[in-house]
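Participant: Chains A and B, in that order, are what the protein sequence lines are.
FYI, numbering that gives the first Met the number 0 numbers position 56 of the first sequence as 55, with every residue one higher than the one before it.
FYI, numbering that gives the first Met the number 0 numbers position 158 of the second sequence as 157, with every residue one higher than the one before it.
Possibly wrong hints are sitting among the right ones.
Said to hold, decoys possible - Pairs of lysine-lysine residues, derived as BS3-like cross-links and limited to a Cα-Cα distance of at most 30 Å, are as follows:
no. : chain 1 : residue 1 : chain 2 : residue 2
1   : B       : 145       : B       : 251
2   : A       : 51        : B       : 45
3   : B       : 251       : B       : 266
4   : B       : 45        : B       : 28
5   : B       : 268       : B       : 288
6   : B       : 27        : A       : 51
7   : A       : 2         : B       : 145
8   : B       : 251       : A       : 51
9   : B       : 24        : B       : 45
10  : A       : 83        : B       : 38
11  : A       : 51        : B       : 268
12  : B       : 268       : B       : 238
13  : B       : 238       : A       : 51
14  : B       : 268       : B       : 251
15  : B       : 28        : B       : 43
16  : B       : 172       : A       : 83
17  : A       : 51        : B       : 61
18  : A       : 51        : B       : 24
19  : B       : 288       : A       : 51
20  : B       : 158       : B       : 249
21  : B       : 251       : B       : 288
22  : A       : 2         : B       : 172
23  : B       : 24        : B       : 38
Derived by calculation from the structure, the hints in this document are not laboratory data.
Next come the chains, spelled out residue by residue.
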Amino acid sequence: MDKQEFLTHSGVQVQMLEFWLEQRWLIPEQAAAGTRFSAMDIARARLIGDLKTGFGVNDEGVDMILHLLDQLHGLRSALAQLRKDMGENSSPSAQ
Amino acid sequence: MSNPYEVLGIAPTASAAEIQSAYRKLAKKLHPDLNPGDKSAEEKFKEVAGAYDLLGDAEKRKRFDSGEIDATGAERPQHRYYRDYASPDQSHPYADSSGFADFMEGDDAFAELLRRSQRARANQRGQDLHYRLPIDFAESITGANKRLTLPEGGTLDVKIPPGLVDGQILRLKGQGAPGAGTGGPGDALIEVEVLPDHRFTREGDDITLELPISLSEAVLGGRVRVPMPAGAVTMSVPKGSNSGTILRLKGKGAPRRGGGQGDQLVKLKVVLPRPPDPELEAFVAGWSKAKEYNPRGREV
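Produce the entire structure from the sequences given, and follow the hints as far as they go.
Facilitator: Given below as C-alpha cells:
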C-alpha cells in the first residue's frame, strides 16, 4: 500500500510517520512506484503506538525497545534455522 | 470476561491514576509483541486490555459500576501482532543479528553452524505468492491478457496462453515477495479457474457443442451457423442427419501443446417446431401409414 493508504489503515498522523521514518523505526520498501508499506509495517506501527500511548514510553525508550526486539527476533530466527539444520543433519537412524 | 477489577488487580475504589498504572504494569509484561515466544500472552493481554477499555473510560466505568453494562463485549477486536510477521521462518528488513554476532566469531562447531544459518538467511529467496484468477471459457481457448488486482495492493499483468485448462498454474518469475541479500524475489503462482460456458464442454483438445437444427435442416440438409468459443463458422448439415449425429470441424478445437489444434465436435439435435404444427401432423399421419419403421430395432 502507498503512504496515504498506510496512514488511513494505521491511524498514524503524517508528522508522526515522518518522524518514525527518520528514526528508521519503520523501513518501508522503496519501489519504482514510490514507498510501499506492508502489513508488517502496519503491525510494527501498531506496536509503536501501543508503546507510546498505551505504556507511556518516550522516544528514547521506543528506540531502545525496537532495537532489542529486532535482536530478539534475529536470535529467534537463528535458533529456528539451527533447529532446522540439526533436524536435517541428524535424522534418526532407521531401526 | 471475569470481573475487570480483579483482572487488573485493583479495588473497586481505585482512582483513575491507579487504574492506569495497574494496566500499564500488567500490559507491559503481557503485550504479545514483548513476548514473542509465549503463545498464551495474546489471550491474557486481550483480557487486561478489555478491562482497561472499560475502567479506563470514566463514563463506561460509571455505567459498569451501576450495573447498567457488564464486562461482555469489552474485548478488543482481533488483529495480527508484529510478532506474527517477524516469525523466525520469514525474512524481513527488520531482522538484526547483532544479538549473537559475537557467537559467530569463534572457530567451534556452534559458531560454524550459526554462520551457516546466517548465510542461509541473508541470501534467502523471497516467498512465492499464490493467487487465483477466474477467466471465461472463450479466453481459455483463445488466450487473453488479464490484469490481476492484488489483495496487498497493486496489479499484475498476466498473459493467458491459448488452450489453457481449468486449475492450471501459471508461474510469473520474480513477481513474488522480495528476497533478502542476493536471494532474489520469489515467484507469483496463479491458479487459473476456467468459468464454465453452458454451450461448450471440453475433453482434451476437442470442444463439443450441441447444436439444435430444424426438421427441414435434418431431412433436407442445409448450411447452418455454428457458434465457436471465439466467433462462429458456417457448416453444411448433410441430408438426412439425425439427432446425435456428430460432425467434426477439424482444427477448430483448443490449441494442442506442442502445436496443432483439436477439433470442434458438433452434436446435432433435431428440434420439432413449437407449438406443434397441424399441417406437419396431418402430413406425417398420412406418410407414416405407408412407410412405418421401428428405429428401436427388434429388441424393443
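Participant: Are residue 238 of chain B and residue 51 of chain A close enough, with their CA atoms no more than 30 Å apart?
Facilitator: 86 Å, violated
Participant: Given the hinted pair residue 268 of chain B and residue 238 of chain B, is their Cα-Cα distance within 30 Å?
Facilitator: With a Cα-Cα distance of about 14 Å, the restraint between residue 268 of chain B and residue 238 of chain B holds, given a limit of 30 Å.
Participant: Between residue 158 of chain B and residue 249 of chain B, does the CA-CA distance stay at or below 30 Å?
Facilitator: 27 Å, holds
Participant: Residue 2 of chain A and residue 145 of chain B were given as a pair; does the straight-line alpha-carbon distance stay at or below 30 Å?
Facilitator: Holds, at about 27 Å.
Participant: Taking 30 Å as the top limit, are the C-alpha atoms of residue 268 of chain B and residue 288 of chain B close enough?
Facilitator: 25 Å, holds
Participant: Tell me if the straight-line CA distance from residue 83 of chain A to residue 38 of chain B falls inside 30 Å.
Facilitator: The given pair, whose Cα atoms are some 21 Å apart, holds under the 30 Å limit.
Participant: Does residue 24 of chain B pair with residue 38 of chain B here, judged by a C-alpha cut-off of 30 Å?
Facilitator: Between residue 24 of chain B and residue 38 of chain B the Cα gap is close to 20 Å, so the pair holds against 30 Å.
Participant: Given the hinted pair residue 145 of chain B and residue 251 of chain B, is their alpha-carbon gap at most 30 Å?
Facilitator: 24 Å, holds
Participant: Decide if the proposed pair is consistent with the structure: residue 24 of chain B and residue 45 of chain B, CA atoms, cutoff 30 Å inclusive.
Facilitator: 14 Å, holds
Participant: When you check the alpha-carbon spacing of residue 45 of chain B and residue 28 of chain B, does it fall within 30 Å?
Facilitator: 12 Å, holds
Participant: Has the given pair, residue 28 of chain B with residue 43 of chain B, been kept, meaning a C-alpha gap of at most 30 Å?
Facilitator: 10 Å, holds
Participant: Measure nothing beyond the straight line between the CA atoms of residue 268 of chain B and residue 251 of chain B; if it is 30 Å or shorter, mark the hint as holding.
Facilitator: The given pair, whose Cα atoms are some 20 Å apart, holds under the 30 Å limit.
Taken one by one, the earlier hints fail for this structure at numbers 8, 11, 13, 19 and 21, listed in ascending order.
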